[in-house]
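*Asks:* Taking the hints into account, I'd like the entire structure generated from these sequences.
2 protein chains.
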Amino acid sequence: MSAPQGWEAIRAEVLDRIHRRDWLPGAIIPTEEKLAAEFGCARATVNRALRELATAGVLERRRKAGTRVATHPVRKATLDIPVIRLEIEGRGQRYGFRVIDRAESEPPMTIAARLRLAPGQRLWHVRTLHLADGRPCLFEDRWLNAAVLPEGLPADPDTTSLNEWLVKTVAYTAGDIAFSAANATAEEAALLGIEPGAALFIIERSTWLGAVPITAVRLAHPPGYRLSTEM
Amino acid sequence: MSAPQGWEAIRAEVLDRIHRRDWLPGAIIPTEEKLAAEFGCARATVNRALRELATAGVLERRRKAGTRVATHPVRKATLDIPVIRLEIEGRGQRYGFRVIDRAESEPPMTIAARLRLAPGQRLWHVRTLHLADGRPCLFEDRWLNAAVLPEGLPADPDTTSLNEWLVKTVAYTAGDIAFSAANATAEEAALLGIEPGAALFIIERSTWLGAVPITAVRLAHPPGYRLSTEM
DNA sequence: TAGTGGTCTAGACCACTAT
DNA sequence: TAGTGGTCTAGACCACTAA
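In the order they appear, the protein sequences are chains H and Y. Each residue of the first sequence is one higher than the one before, starting from 1 at the first, in our numbering. Each residue of the second sequence is one higher than the one before, starting from 1 at the first, in our numbering.
In short, the hints are calculated from the structure, not lab data.
Intra- or inter-copy, both count: the list cannot distinguish identical chains.
Straight-line distance between alpha carbons at most 16 angstroms, and here's what the computed EDC-like set of lysine to aspartate or glutamate pairs gives:
1) 76 with 230
2) 34 with 13
3) 64 with 33
4) 76 with 60
5) 64 with 32
Predicted model, so just to flag it, every value in this text is computed and none were measured.
*Replies:* Next comes the structure, spelled out in structure tokens:
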């Protein structure tokens with residue numbers, strides 16, 4: 001009937017029918033075969049379009065049961081996790097950083113639990129303040145398993161941000177990431193140049209190489225920071 | 001050579017080579033055609049595997065230039081945006097809510113800007129406290145364009161959460177979402193039963209139907225709330 | 001068990017872009 | 001302009017699952 005071309009056009013047409021409420025939330029839509037006949041294309045093309053919509057959370061698909069319009073749409077959002085330096089430079093500011101301290105020690109329980117460490121295992125602990133145009137904009141608190149590093153810690157931590165050095169040097173196989181909010185401690189406030197108790201936006205990441213923990217990092221962004229995406 | 005089967009096996013094998021540092025960050029990997037020959041499968045199958053890895057941010061692909069291992073991996077994370085009631089019930093708690101107030105008025109500048117409103121346009125303003133096992137767990141502040149509602153505001157706001165009523169009733173075509181942190185105001189603290197100034201985790205969403213604004217909502221989660229995902 | 005989505009194939013043409 | 005990824009096709013078989 002109508003004549004969309006390409007899987008993106010089919011995706012758009014399907015979305016449109018949902019928006020026009022031709023197909024209501026929870027309702028079954030025609031099979032791939034029927035849609036392919038209607039649109040005059042191969043079933044694989046319809047499949048591609050519907051699969052993308054299912055990944056986006058707009059449709060729910062099950063073999064034999066068919067394809068339904070999701071009852072709770074917009075359940076998924078894909079975030080770009082920024083690389084600190086690139087984010088700052090992308091705003092046209094000059095990037096810099098300052099290593100606050102660096103030591104080998106036994107991490108606190110919370111970190112050990114997050115990395116599933118064996119009791120007593122020691123890690124490198126590096127704390128870094130990141131700067132935009134010379135002003136503090138992010139406090140990084142990182143625990144690092146030196147055992148997985150090919151050549152130990154980099155000799156000159158003042159020329160390469162540890163963060164970038166890591167992603168270029170160490171492979172990983174799995175990880176998790178979490179977002180939350182926390183009040184700034186006195187130390188964090190002093191380092192970031194904000195009031196104690198100010199609301200920080202926290203990003204925590206952990207990564208593993210197989211079952212071997214690599215690193216756990218906590219990024220504390222001062223008030224005003226927003227992580228956003230379109231749907 | 002090796003014998004993976006299916007695009008998922010190929011994806012796994014490619015990931016493995018990156019993890020083993022056979023293919024270093026920034027390096028070009030073989031063309032789809034060569035990989036298809038090596039794996040003994042069709043090029044479309046390799047394409048599917050590499051496309052998924054590119055979507056995940058592990059590879060960067062450009063026509064003619066070829067496929068490279070991303071220099072800054074793990075740049076994307078897909079979050080499940082929870083539906084409030086389902087999230088609470090999923091924890092085995094009883095869901096409830098209480099409408100704090102509800103009025104028609106002109107929204108503040110920030111909301112008007114976010115929704116790109118014409119000057120002087122009035123919206124419904126509904127503030128709701130969501131409860132888990134009877135205890136406050138989320139404060140919702142919503143502005144709503146009644147003009148797009150088929151039958152106006154629902155007659156009985158005490159039986160259906162406005163949030164769910166909306167997603168089931170109103171179509172949307174675009175939106176954005178943002179995460180940030182903020183200190184609790186005195187009123188928010190009182191409603192949520194926390195200390196004033198406590199760090200709230202804020203989710204803000206805006207949705208449109210074409211160019212017509214539908215709703216802007218701000219969700220304030222008390223300390224302890226975490227939004228997390230695996231990579 | 002039958003219906004539906006998931007995937008694969010072999011080949012083709014197109015779109016983009018480094019050179 | 002030539003190389004590479006992006007997509008489409010027509011058909012096939014398989015995997016899952018509702019009935």
